[in-house]
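Novice: Residue strings, one per chain:
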Amino acid sequence: MTDEAARVTLKTSGDVAFARQAAAKAMAAIGASTIKSTKFVTAVSEIARNAVIYGRGGVISFSEAGAAGQKRVVAVCTDRGPGIDDIDRAVSDGFSTGKSLGLGLGGAKRLVDRFEITSSSKQGTKVTLECGPR
Amino acid sequence: MLDAANPIPMMTINGCIIVAIRDDLDDQEIVSLQDRLVEEVAKRNAHGVVIDISSLEIVDTFAGRMLAAMAQMARVMNARTIVVGMRPAVAMTLVELGMTLDGVETALNADRAINAIVSDRSNKL
Amino acid sequence: MPNETTVASIIINDYDRVLAEWLKVQTAEGVKRTDLVSGKESEQQSRELLSAMAKAMPKEATDDDLDLAEAGWEPVRDALEDIAENRTQRGVSTTEMGWFIGALKQPLFKMLQSELGEKPRVLMREIWNATRLIDQISLHAIETLVSKREAIIERQRAEMTEVAAPVVKIWDSIVTVPLIGTLDSFRAQTVMENLLDAIVQWEAEVAIIDITGVSTVDTMVAQHLLKTASAVRLMGAECVICGISPKIAQTVVNLGVELPNIVTRVDLESGLAYAFDRLGVQVGRGSAGA
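Protein chains in written order, with this note's numbering: chain A, 1 to 134; chain B, 1 to 125; chain C, 1 to 290.
Keep in mind that the hints were calculated from the coordinates and are not lab data.
Take these hints with a grain of salt, some might be off.
[Said to hold, decoys possible] Straight-line distance between alpha carbons at most 25 Å, and here's what the computed SDA-like set of lysine to any residue pairs gives:
#1 A:K71 to C:V146
#2 B:K124 to C:L36
#3 A:K11 to B:Q34
#4 A:K71 to C:N254
#5 C:K227 to A:K11
#6 C:K227 to B:K124
#7 A:K71 to C:D64
#8 A:K25 to B:Q34
#9 A:K109 to B:G98
#10 C:K227 to A:R114
#11 C:K227 to B:V104
#12 A:K71 to C:E85
#13 C:K227 to B:L56
[Stated by the list, open to error] In silico contact screen, one side only, chain C against chain B (beta carbon under 8 Å); selected entries:
#14 I12
#15 D14
#16 M192
#17 E205
#18 K227
#19 S230
#20 G236
#21 A237
#22 I262
Keep in mind the model is a prediction, meaning the values are calculated, not measured.
Note that beta-carbon positions come from the ideal geometry of N, C-alpha and C, so glycine has one too.
All chains, full assembly: derive it from the sequences and hints.
Specialist: So this is what it looks like as structure tokens:
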């Protein structure tokens with residue numbers, strides 16, 4: 001049931017903007033509400049920026065899942081970075097290795113219907129975001 | 001992605017700088033906007049800044065931080081800064097992110113913000 | 001020719017074999033959505049549909065005069081109704097529904113072929129009859145599935161409007177929303193959306209949330225109110241929460257719930273008075289008869 005709809009290579013901050021555009025397009029394709037779309041695109045922006053800044057670049061791909069009438073958008077972002085040591089801490093508010101406020105990962109998690117993260121020092125970090133239309 | 005030939009327009013009316021941010025800026029463009037804004041505040045000796053974000057469909061933590069920083073910088077340069085026109089979906093998303101931009105003054109639209117700045121100014125003078 | 005083999009005679013006389021073959025094809029074609037409908041349920045549904053067909057076939061035409069709307073086909077229509085009801089709830093797609101019934105063709109064609117292999121003319125006719133029959137049943141099933149789905153959407157829409165909180169403009173630049181009953185996450189979200197949209201629509205500067213009708217104010221509800229107030233402020237308006245009854249004031253303090261940086265008032269009247277004050281509105285009694 002899963003067809004990949006778009007794929008964006010993440011190297012620069014301009015690519016983060018491309019990822020946002022692809023995310024908005026994917027949400028429009030499933031007829032998502034404005035608020036759901038805004039939340040999902042924002043979450044994608046956070047994750048994509050993390051991949052560029054901390055993950056030495058990566059790839060984010062978008063696809064649709066679910067039966068007709070209740071389709072959802074799934075975004076999978078993988079990077080080539082050093083991985084995250086303590087995932088539980090990374091997704092909690094206020095945690096940051098950089099200069100930010102540390103709301104990125106934890107915030108992204110609250111914005112989507114499903115959030116999954118796996119990380120290893122060898123394979124980098126993989127984040128999955130899923131969001132329905134309403 | 002920086003489009004030097006077509007930067008975001010800023011205009012100064014009566015000592016008040018008005019800047020309308022275009023949608024889908026990348027991080028680099030936001031940073032250069034911040035640089036230009038603080039230079040403009042100094043050059044014009046502005047006492048007010050209105051940042052219109054009504055065309056922004058997305059404000060993530062980076063853009064939110066930059067907005068807060070711009071407001072703070074303008075304020076330390078003695079310019080009252082008001083962010084206007086935030087969309088409902090953007091406001092709800094920022095709240096969910098935990099970014100309530102507490103230090104940033106807000107108004108519904110540029111008209112109200114300019115009125116507030118102007119009347120504030122005439123009270124002081 | 002009373003004993004000639006037809007689609008009907010195969011389904012009626014060879015019922016068990018047809019069913020077994022059908023189930024096999026369903027598995028082979030991958031139309032058995034074991035994640036949505038269990039194998040047992042699928043078998044049960046197939047059995048019901050096939051026996052309904054066997055029941056209807058002696059009474060009704062299965063040739064050129066086939067019409068599923070005839071009274072004799074009622075068991076089949078009922079069976080499809082049940083199957084569609086069940087599958088709608090599981091989120092089965094129309095394609096999957098179509099394949100589920102379409103899979104019946106293969107065993108029927110095979111059996112017709114082996115029975116009528118030497119009479120190509122009769123075989124052609126029966127294959128055509130079988131095709132039309134199954135296509136009609138399949139279309140009917142899809143139609144039923146779609147109309148069930150539409151009914152669900154309609155019901156949800158009705159429920160939504162029922163729970164939605166109406167935002168009203170009570171003065172120039174002032175909007176208010178009365179909250180009644182329980183405030184769960186979903187309703188809080190709806191209220192927030194409606195309120196923010198109303199602020200844009202009426203260019204409101206003050207938004208009054210009246211919680212007089214809210215049954216309990218616990219930490220969760222306070223969280224929702226805080227979030228709403230923050231969003232209202234980001235939009236450039238101010239949020240006033242009124243209807244803090246003595247009982248609510250007590251529970252709020254006893255539970256240790258905090259509402260920092262939010263203007264709170266006892267009732268709508270004092271909330272409105274605060275808003276007037278903020279906007280510089282003067283309200284007075286006009287001299288009568290002037």
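Novice: The structure should be examined with respect to each hint, and the outcome stated for every one.
Specialist: Outcome of the hint check:
{"no.": "1", "hint": "A:K71 to C:V146", "in the structure": "holds, 16 Å"}
{"no.": "2", "hint": "B:K124 to C:L36", "in the structure": "violated, 70 Å"}
{"no.": "3", "hint": "A:K11 to B:Q34", "in the structure": "holds, 23 Å"}
{"no.": "4", "hint": "A:K71 to C:N254", "in the structure": "violated, 45 Å"}
{"no.": "5", "hint": "C:K227 to A:K11", "in the structure": "violated, 35 Å"}
{"no.": "6", "hint": "C:K227 to B:K124", "in the structure": "violated, 35 Å"}
{"no.": "7", "hint": "A:K71 to C:D64", "in the structure": "violated, 40 Å"}
{"no.": "8", "hint": "A:K25 to B:Q34", "in the structure": "violated, 29 Å"}
{"no.": "9", "hint": "A:K109 to B:G98", "in the structure": "holds, 12 Å"}
{"no.": "10", "hint": "C:K227 to A:R114", "in the structure": "holds, 21 Å"}
{"no.": "11", "hint": "C:K227 to B:V104", "in the structure": "holds, 16 Å"}
{"no.": "12", "hint": "A:K71 to C:E85", "in the structure": "holds, 20 Å"}
{"no.": "13", "hint": "C:K227 to B:L56", "in the structure": "holds, 21 Å"}
{"no.": "14", "hint": "I12", "in the structure": "violated, 60 Å"}
{"no.": "15", "hint": "D14", "in the structure": "violated, 60 Å"}
{"no.": "16", "hint": "M192", "in the structure": "holds, 6 Å"}
{"no.": "17", "hint": "E205", "in the structure": "holds, 7 Å"}
{"no.": "18", "hint": "K227", "in the structure": "holds, 5 Å"}
{"no.": "19", "hint": "S230", "in the structure": "holds, 4 Å"}
{"no.": "20", "hint": "G236", "in the structure": "holds, 4 Å"}
{"no.": "21", "hint": "A237", "in the structure": "holds, 6 Å"}
{"no.": "22", "hint": "I262", "in the structure": "violated, 12 Å"}
Violation of the numbered hints given earlier is confined to hints 2, 4, 5, 6, 7, 8, 14, 15, 22; the remaining hints are satisfied by the structure.
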